[in-house]
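Engineer: Single-letter residue listing:
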Amino acid sequence: MTEADFSPAALSEEVEIPESISGLEPVRSVRTPIRLVYDFVPSPSVQEYLRSYSERKILGHRSPVDGAVFVPPRGVDPRHGVLIEESVELSDRGHVGNFCVTHLPIPGRDDLDTPYVSAWIHLDGANVGFLGLVAGCDNDEVHIGMRVQAVWKEQEELGNTAENILYWKPTGEPSVPIEKAGNRAWDRTNE
Amino acid sequence: MNLQFLSKKLVIAHGIEQMNKTNSFRDVAVVSVASHQTKILSEVNEVQLMANLISKCRNSIGVTQEEIGFTCSGSSDFLAGQAFSFVHTLDSVGAFPPISESHVEMDGAFALYEAWVKLQIGEVDTALVYSYGKPSAGSIIDVLATQLDPYYVAPLWPDCFSLAALQARLLLEKGLTTFERMSEIAMRSQNNGFDNPNAVRTSKDISLENLMNEPVIVDPLRTSDISEIADGGCAVILAAEDKAKSLCERPAWIKGIDHRIDSHSLGVRDLTGSPSAFLAAEKAGRNSDRLDLAEIHGMTSAQELILEKEFSLSEKTHINLSGGALAADTMMASGLIRIAEVASRIMSGQMDRGLAHATSGPCLQQNLVCILEGK
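From first to last, the protein sequence lines stand for chains A and B. According to this note's numbering, the stretch in the first sequence is residues 1446 to 1636, in order. According to this note's numbering, the stretch in the second sequence is residues 1303 to 1677, in order.
Misleading hints may appear alongside valid ones.
[What the hints assert, rightly or not] Label-pair distances were calculated between CB atoms; the ranges are:
no. : chain 1 : residue 1 : chain 2 : residue 2 : range
1   : B       : Ser1650   : A       : Pro1509   : 26 to 34 Å
2   : A       : Phe1485   : B       : Ile1363   : 33 to 41 Å
3   : B       : Ala1456   : A       : Glu1599   : 45 to 53 Å
4   : B       : Asp1544   : A       : Val1475   : 28 to 36 Å
5   : A       : Glu1500   : B       : Phe1496   : 45 to 53 Å
6   : A       : Glu1586   : B       : Asp1451   : 52 to 60 Å
7   : B       : Ile1363   : A       : His1548   : 51 to 59 Å
8   : B       : Leu1474   : A       : Leu1576   : 52 to 60 Å
[As the list claims (entries may be wrong)] Covered stretches of chain A (in silico footprint by chain B; criterion: 3 or more residues with CB under 8 Å from a CB of chain B, positions within the stretch not fixed):
no. : stretch
9   : 1472 to 1479
10  : 1486 to 1496
11  : 1522 to 1532
[Said to hold, decoys possible] Here are some, though not all, of the chain B residues that point toward chain A, as calculated from beta-carbon distances under 8 Å:
no. : residue
12  : Glu1345
13  : Val1346
14  : Ala1353
15  : Asn1354
16  : Ser1394
17  : Gly1396
18  : Phe1398
19  : Pro1400
20  : Asp1444
21  : Thr1448
22  : Gln1449
23  : Asp1451
24  : Pro1457
Source of the hints: derived by calculation from the structure; they are not laboratory data. Note that the structure is a prediction, hence the values are computed from the model and not measured. Cβ coordinates follow ideal geometry from the N, Cα and C atoms, glycine included.
This is chain A alone, in the form it adopts within the complex:
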């Protein structure tokens, strides 16, 4: 028995079509549509978070270990793996911890002109950032540390959803120094 030849040349050799199917159009792909439906019920803490949006409130979770505040609330402190039960109401103001200018459209968001600015928004009172859209100024003006506040939908359009915040606009307040901007939950010592 000779050793099998696994060299790239051997693998790319022309495949010989058997006589019996030589006249047929080759099957080049098989489509197997898969559709799976899920009934996702958010946990009580997530429900509380979503409901508070309809009152223009943003909730965070305060860690029982060192008081660090996480937003959105997930029910656990991911640094220690401990359950969190304490909710805190956060300001709808904060600063840009990081950002990027995106030139690709989002499928299904025809209302969004490119380029737009995605940013990590750090709310006052929170120790981590969460994702938001920055608008209301030229894209060139967006910078790390820039103070922003939420622009909410009209009262009658509010629902149990984070979509209630249309975007984050500059407040005009002095910027947060770059060395103090961004995540602070991971470098703080117990306070």
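Place chain B on chain A using the hints.
Structural biologist: Just chain B now, kept in the frame of chain A:
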């Protein structure tokens, strides 16, 4: 090729080679377990559930995550309906400062196997293994159909219980079992599960007659022949040698563990048996005469019968004292829970030696057997 993946494979291959050379395995034991199953998990999500179980598992033997050398989990994105869902669940571990971690898209029993190999290599002395599933969020029969052969079988969307029913039909037609025997298994599960707080379908006084009069759901299987689908999770801590002795008064030592696979193609298999289950038990060193208990993982009463035969279990062995997967079946965790059930009865001193079995794939295709002993 993903280099990290390649290096992981090489390390495992190297480790097993070293073990073969010296012909000696490290003594590794289960030292702590925690599990929870319920019909529908509604008060907490999977992350919160696992935070609770993992904390319980660590706290009961007084270890922190920093003292855990390796963490390995099992879960399914298809079940969760979310890509990389296991990354979210790492929040429940407390993965900061960064930890050494791995994941299998399989039942937690197979994650335990990976952790056992890691412990054999000798670089770490402790490992945390966990797995979870929330089948109530979707349609488990559709989710399980996607694991089948994508060209010939999956497009037909056969549901998992119908496939298991084909298996039961063969057993009946070939005279290898009877309706009565299947109902006896269902009754055993309901009776045994009565004292297990995690068992979902239990009854102390259900009669064989009741069970045999149940309506047929997927012919020839009746309601109680089919596992009761449940949400839940399980966490287990493994430790090696002296570390195990220092953490636990009576560790449940893993005397053998093996994983074997039958063909993916249902048509080429004799579904009335499970050669891979037999082989896994042989290689794990089952020694059936000395088994005080066995926890076997089947999704139907007929599958439990096949497994009993493949493992040559006799009346000496208590089978599925927990009620088994028939009483509460949590996809991705049912296998690990079988190991936890055997281990906890050994750790408590109630039993000395047991067999734990986990399965995966359609009709008992993949099988893992773990032999545990109190020494």
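Engineer: Now tell me, hint by hint, if it's right for this structure.
Structural biologist: Taking the hints in turn, this is what the structure says about them:
1. Separated by about 32 Å at the C-beta atoms, B:Ser1650 and A:Pro1509 satisfy the suggested range of 26 to 34 Å.
2. Hint check: A:Phe1485 to B:Ile1363, Cβ distance near 35 Å, so the stated range 33 to 41 Å holds.
3. Remark: the range hint 45 to 53 Å for B:Ala1456 to A:Glu1599 is upheld by a beta-carbon distance near 47 Å.
4. In this structure, B:Asp1544 and A:Val1475 break the distance hint of 28 to 36 Å, their C-beta atoms being roughly 55 Å apart.
5. Checked against the hint of 45 to 53 Å, the C-beta distance between A:Glu1500 and B:Phe1496 comes to roughly 47 Å, which is consistent with it.
6. A beta carbon spacing of about 56 Å between A:Glu1586 and B:Asp1451 agrees with the range 52 to 60 Å that was offered as a hint.
7. Checking the proposed 51 to 59 Å range against B:Ile1363 and A:His1548 shows it holds: the Cβ atoms sit about 53 Å from each other.
8. Between B:Leu1474 and A:Leu1576 the CB atoms are about 57 Å apart, so this pair conforms to the stated range of 52 to 60 Å.
9. Check on the stretch 1472 to 1479 of chain A: 3 of its residues sit with their Cβ under 8 Å from a Cβ of chain B, so the three-residue criterion for coverage holds.
10. Only when three residues or more bring their CB closer than 8 Å to a CB of chain B does the claim for the stretch 1486 to 1496 of chain A stand; here the count is 6, and the claim holds.
11. Figure legend: the stretch 1522 to 1532 of chain A, annotated as covered by chain B; annotation consistent (7 residues with Cβ-Cβ distances under 8 Å, at least 3 required).
12. For B:Glu1345, the shortest C-beta to C-beta distance to chain A is roughly 6 Å, which falls under 8 Å, so the interface hint holds.
13. Taking 8 Å as the C-beta cut-off, the interface hint given for B:Val1346 holds, the closest approach to chain A being about 5 Å.
14. Of the supplied interface hints, the one on B:Ala1353 holds, with its beta-carbon coming within about 5 Å of a beta-carbon of chain A, less than 8 Å.
15. For B:Asn1354, the suggested interface contact is upheld, since its CB lies about 6 Å from the closest CB of chain A, less than 8 Å.
16. Against a cut-off of 8 Å between C-beta atoms, the interface hint on B:Ser1394 holds, since the closest Cβ of chain A lies about 5 Å away.
17. Interface hint status for B:Gly1396: upheld, as the beta-carbon distance to the closest one in chain A is roughly 3 Å, under 8 Å.
18. Because the smallest distance between the Cβ of B:Phe1398 and any Cβ of chain A comes to about 4 Å, under 8 Å, the interface hint for this residue holds.
19. Here the hint on B:Pro1400 is broken, as its CB sits about 11 Å from the closest CB of chain A, past 8 Å.
20. Taking 8 Å as the C-beta cut-off, the interface hint given for B:Asp1444 holds, the closest approach to chain A being about 6 Å.
21. Nearest Cβ of chain A to the Cβ of B:Thr1448: about 6 Å, under the 8 Å cut. The hint holds.
22. Interface restraint check for B:Gln1449: the shortest CB-CB distance to chain A comes to about 11 Å, outside 8 Å, so the restraint is violated.
23. At a threshold of 8 Å, the smallest CB-CB gap from B:Asp1451 to chain A is about 10 Å, leaving the interface hint violated.
24. At a threshold of 8 Å, the smallest CB-CB gap from B:Pro1457 to chain A is about 5 Å, leaving the interface hint in force.
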